[in-house]
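Trainee: Sequence:
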Amino acid sequence: MPAPQPAVLPAAPGAPLPAAPSSDPTGTETSRRLLGAEPDPRALTLWGSSSMCSEGGDESTPLPIRIHEHLALSAAPASVHSFGVGATRSAHTLLMRGLDTPRVTPIGESVRAADGIVQVPVALDPALAPAGPLRIPGTISGAAGVLDGSSGSWFFTADDAARDPGGALLGDMVEGVFTSALAEVADASRQVLWMGKNNILDVAGVLSDTQRMWDAAQTPEEDTLVLGQWRTEADPDGSPTGDAVGDVNTEQARRYGKHFLDLQQLLTGEAGLRCSPLAPLALLEQGSTQDALERGVVPPLLVAADGIHLNGWGNLAVSWALVRRMRELGWL
1 MPAPQPAVLP AAPGAPLPAA PSSDPTGTET SRRLLGAEPD PRALTLWGSS SMCSEGGDES
61 TPLPIRIHEH LALSAAPASV HSFGVGATRS AHTLLMRGLD TPRVTPIGES VRAADGIVQV
121 PVALDPALAP AGPLRIPGTI SGAAGVLDGS SGSWFFTADD AARDPGGALL GDMVEGVFTS
181 ALAEVADASR QVLWMGKNNI LDVAGVLSDT QRMWDAAQTP EEDTLVLGQW RTEADPDGSP
241 TGDAVGDVNT EQARRYGKHF LDLQQLLTGE AGLRCSPLAP LALLEQGSTQ DALERGVVPP
301 LLVAADGIHL NGWGNLAVSW ALVRRMRELG WL
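In this text, residue positions in the sequence shown follow this note's numbering: the first is 1, and each later residue adds one.
Simulated from the structure, these hints should not be mistaken for lab results. Since the model is a prediction, treat every value here as computed from it, not as a measurement. Incorrect hints may appear among the rest.
[What the hints assert, rightly or not] Label pairs and their computed distance ranges (CB to CB):
1) Q286 / A144: 45 to 55 Å
2) Q265 / P300: 12 to 22 Å
3) R274 / D247: 50 to 60 Å
4) E69 / D187: 39 to 49 Å
5) I117 / Q286: 28 to 38 Å
6) G307 / P280: 38 to 48 Å
7) A305 / G152: 20 to 30 Å
[Said to hold, decoys possible] With a straight-line Cα cutoff of 25 Å, these simulated SDA-like cross-link-like pairs (lysine to any residue) come out:
8) K258 / T219
9) K258 / T61
10) K258 / L329
11) K258 / A304
12) K258 / L281
Each residue gets a CB set at the ideal place from its N, CA and C atoms; glycine is no exception.
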């Protein structure tokens, strides 16, 4: 939300009117920017799956390193909305962004949970299987609520206004087109996209879904930064997933230019491994690093114990690179 503005004190009674300002600006450009009124800063919205949630970021570093927290500090007073959800695929990101608006139909009786919340099991058309702890606020036929896939099945939980006095969900409120409420939050935002690793073998689908997110920005050629994928031990050179990561990265680098951040290069290239946040690790002097680089994968000292997420050091390097690129783009 916009930074609070200082209150303007009224002039004392009988005080003379201030002299008309000079047509010549005073002070330096920097001082005028600091003291003058600036437009409201653009919000930043982060989309993706578990990597965008910084899963694994609580490992290896003295304090947890979460990318959205670093960006919030760097972008202040602009708002940073973190909409990454673990285990999701690129199609789920489109649903969250409001670019896909499926028809929702009840498929069973309402269920009252232990906490008293009433849920209706629903089906989506076109069909999309839920994934991860996905809960999307939105509307169906004008009724506000939450489309909840966190249990492994889709349910719709309507706001109180869609219930009768006894708490039962009104049946006619849960059939119609679902539109995510996150679209309204994102419409005027800049966005960072780190999506598609969980369905990376569908190279064409990942590229298409990312392009749709790009095109949805207010000014597509200026408002989006796409993050590339990186290779884990499960994605070495020559493997199906390793090749898919390379294909997606290569095409996105071609499409988006300076609005693409190559994280595979950051986390396996000499310059990236020597960057200031990673200097304490002396990565290039470690035998485990050299072994990993021979396989084309990210060094183990940057990877969490699960082998598929970055640890705190890896997230610190990504945060550092993100802030640098956002400054180059004039976002910060």
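Trainee: Work down the list of hints and note, for each, if the structure agrees.
Mentor: The hints, checked one at a time:
Taken as a hint, the range 45 to 55 Å holds for the pair Q286 and A144, whose Cβ atoms sit roughly 53 Å apart. Separated by about 18 Å at the C-beta atoms, Q265 and P300 satisfy the suggested range of 12 to 22 Å. Range check, R274 to D247: about 28 Å between beta-carbon atoms, so the 50 to 60 Å window is missed. Against the hinted window of 39 to 49 Å, the Cβ-Cβ separation of E69 and D187 comes to about 24 Å, which falls outside the hint.
Checked against the hint of 28 to 38 Å, the pair I117 and Q286 fails, with Cβ atoms roughly 51 Å apart. Between G307 and P280 the Cβ separation comes to about 23 Å, which falls outside the hinted range of 38 to 48 Å. Between A305 and G152 the beta carbon distance is about 25 Å. The supplied range of 20 to 30 Å therefore holds. Using a Cα cut-off of 25 Å, the hinted pair K258 and T219 holds, with the two alpha carbons roughly 15 Å apart.
With a CA separation close to 30 Å, the supplied pair K258 and T61 exceeds the 25 Å bound. Between K258 and L329 the alpha-carbon distance is near 8 Å, which keeps this suggested pair within the 25 Å criterion. As the CA atoms of K258 and A304 are separated by approximately 29 Å, the hinted pair breaks the 25 Å bound. Between K258 and L281 the CA atoms are separated by roughly 28 Å; this puts the pair beyond 25 Å, and the hint is violated.
Figure legend: structure checked against the earlier numbered hints; hints not met, in rising order: 3, 4, 5, 6, 9, 11, 12.
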